[in-house]
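Chain by chain, the residues run as shown.
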Amino acid sequence: MTQSNVLLRIEGATKSFHLKPMFGAAHEVVALNNITIGIEAGKALAVVGESGSGKSTLGRAVTRLFPLTSGTIRFKGKDIAELTSRAEKLSYLRSVQMVFQDPFSALNPAHTIQHHLERPLMLHRSLHGAALVAAVREVLADVELDPEVTLHKYPHELSGGQRQRVNLARALAVGAELIIADEPTSMLDVSIRRSVLDLMRRMKETRSIAFLYITHDIATAQFIADDIAIMYAGQVVEWGKPERVIGNPQHPYTKLLLSAVPDPNVRLDGGGSKAFAREAEAVRAICRTASGSVLETEPGHFVRQVGSVA
Amino acid sequence: MTSTIQKPLVEVRGLKVDFLTAKGLFTAVKGVDFTIDRGEVLGLAGESGSGKSTIALALMRLHRPPAIISEGSITVDGEDVLAMPESRLRQWRWSSVSMVFQSAMNSLNPVLTIFEQFRDVIVQHTGKTRQQARERAEELLTMIGIAPSRLDDYPHQLSGGMRQRVVLAIALALDPKLIIMDEPTTALDVVVQREILEEIVALKDKFGFAILFITHDLALMGQFADRIAIMLEGRLVEVAPSAQLIANPQHDYTRRLWGSMPLLTRVPA
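Chains as they are written, first to last, in my numbering: chain A, 1 to 310; chain B, 1001 to 1269.
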């Protein structure tokens, strides 16, 4: 991996939130704990973790929705916290686009699809008139929606999968180089999930768009990712190539996660056995404490050691 | 009554549900037949809009206008559900058939403590005193692995998985014969999902209730259901024992559904 290929480099990113509840004492929540990962241009990194593991916080930090407590995020070598001029900021916002979990609430119900796609093209690429019309049709065709049928429809007239395609089209329209997709398929039916994943994979392969794919579903992560990072309690606990991490999991949480993925050929037997729940509780207990030492078990496959505090 | 051949717990025949919309009649469920035996888990799979949830609501007669049941019959434990008067229906719901809704985490009232939500169900249906309801609620919480002291907490003080367990415990409160579960674990991550499913299997073995399990996750269903029914545009296109439906799907749509599942492939190192 040559340095020039790295599109996004996250270095020692830490984010803590200070919570001051109406009742009770103020306390601090460490959502990200010293995270270091990178994404190469045109590659997909999947961040997999349970609710509350900090994976969405990571995505939001990359979109500059809030500053980090410490650490840096570099996009093409430049620290995004130090972008000062308006032109620089705009260019970053254009290059890094986000696709959210709920495809319905991400679109304005009062506007047509045409409006949703024209706005970014006008604002970011200053297109007008015939060029604008042509560009809108082009991006719709890119996400495999028929412009004739779709353009004048409102979001409620489209299915969940079609709406998510519109969201991806919007990211394409402004010329995104990195798309942060936060659970983009978890609200879609299984039957259309695959086609949206296929589309994302094609966007990656034909247009070299990099993806930060955030999910709790390791099966879909495997489908799109070039690299995979497993997060637990604000830390990346295991990372590397998907075939290595999934084929040869080392960290107890990764093992637990993989054993919980539904496998139609394995029946859940009753008999009052709560073996899995007990195991899950034990794994959570040992993984909750932050750990400092990292081991490279095989080339390009890293595991955070359990129980050793740096 | 001692019959050697046990009648199924639930018998649905020719069920048709129409929606009266401004644009005319829309038939969401187009004549569906199925049965559920005592203690059986029937999985119902299909894409959004195929009518799965409509069937679930119709089974408890919880469907609201513009939906109407225009044809068919529903028999649960020998009783004709469609013929029940309103008063019997109130009593029958939850004590014979209970339901765990899709967004179970949001089906708890946020301004009532967990105990109040148990009390509501138990006192309404059994006429027990508050103290007796408390004892029953404590027993139920212990059963699903939550400390009874949490009864005085509010829903927001519990994690998503715990809220899901509480909803399940409330569904169990009156020892129903059938529990309808509409996407009970969709909002949870796989580890918590697995914990809750094992919990459900253990409880089912203990109490012997039947389950109508609705989801679009075929892999999950294969692990859990005895039989699977596949729904497409208001019709059941295939009903088969799980193993058979996994190994040898007959209908074209079932095969397509399997084909679209991103399954985890593990290459052992």
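Simulated from the structure, these hints should not be mistaken for lab results.
Please read all numbers here as calculations on a predicted model, not as lab measurements.
Heads up, the beta-carbon is just placed ideally off N, CA and C, and yes, glycines get one too.
Mixed in with the good hints, there may be bad ones.
Unchecked claim - A partial selection of chain B residues facing chain A, derived with a Cβ cut-off under 7 Å:
1. Leu1025
2. Thr1027
3. Glu1047
4. Arg1130
5. Asp1189
6. Leu1197
7. Val1201
As the list claims (entries may be wrong) - List of simulated lysine to any residue pairs, SDA-like, C-alpha gap at most 25 Å:
8. B/Lys1016 with B/Leu1112
9. A/Lys20 with B/Leu1112
10. A/Lys255 with B/Gly1160
11. A/Lys274 with B/Leu1172
12. B/Lys1023 with A/Leu158
13. A/Lys241 with B/Leu1264
14. A/Lys153 with A/Gly129
15. B/Lys1204 with A/Phe276
16. B/Lys1204 with A/Ala275
Against the structure, the hints come out as follows:
A cut of 7 Å between beta carbons decides the hint on B/Leu1025: the least distance to chain A is about 20 Å, and the hint is violated. Contact between B/Thr1027 and chain A, as hinted, is not supported at the beta carbon level, the nearest pair being about 20 Å apart and thus beyond 7 Å. For B/Glu1047, the suggested interface contact is upheld, since its CB lies about 4 Å from the closest CB of chain A, less than 7 Å. With 7 Å as the threshold, the beta carbon of B/Arg1130 stays out of range of chain A, its nearest partner Cβ sitting at about 26 Å, so the hint is violated.
Because the smallest distance between the Cβ of B/Asp1189 and any Cβ of chain A comes to about 4 Å, under 7 Å, the interface hint for this residue holds. Interface hint status for B/Leu1197: upheld, as the beta-carbon distance to the closest one in chain A is roughly 6 Å, under 7 Å. For B/Val1201, the interface hint holds, since its Cβ comes within 7 Å of a Cβ in chain A; the closest pair sits about 4 Å apart. For the hint pairing B/Lys1016 with B/Leu1112, the CA-to-CA distance comes to about 38 Å; that exceeds 25 Å, so the pair is violated.
Proposed proximity of A/Lys20 and B/Leu1112 is supported: the alpha carbons are some 23 Å apart, at most 25 Å. With a C-alpha separation of about 22 Å, the suggested pair A/Lys255 and B/Gly1160 falls inside the 25 Å cut-off, and the hint holds. Taken as a hint, the A/Lys274 and B/Leu1172 pair is honoured in the structure, with Cα atoms around 19 Å apart against an allowance of 25 Å. For the hint pairing B/Lys1023 with A/Leu158, the CA-to-CA distance comes to about 18 Å; that is within 25 Å, so the pair holds.
A distance of roughly 15 Å separates the Cα atoms of A/Lys241 and B/Leu1264; the hinted pair therefore holds under the 25 Å criterion. The suggested pairing of A/Lys153 with A/Gly129 holds, with an alpha-carbon distance near 20 Å, which does not exceed 25 Å. Taken as a hint, the B/Lys1204 and A/Phe276 pair is honoured in the structure, with Cα atoms around 17 Å apart against an allowance of 25 Å. For the hint linking B/Lys1204 to A/Ala275, the alpha-carbon distance of about 17 Å falls within 25 Å, and the restraint holds.
Consistency with the previously given hints fails for numbers 1, 2, 4 and 8, ordered from lowest to highest.
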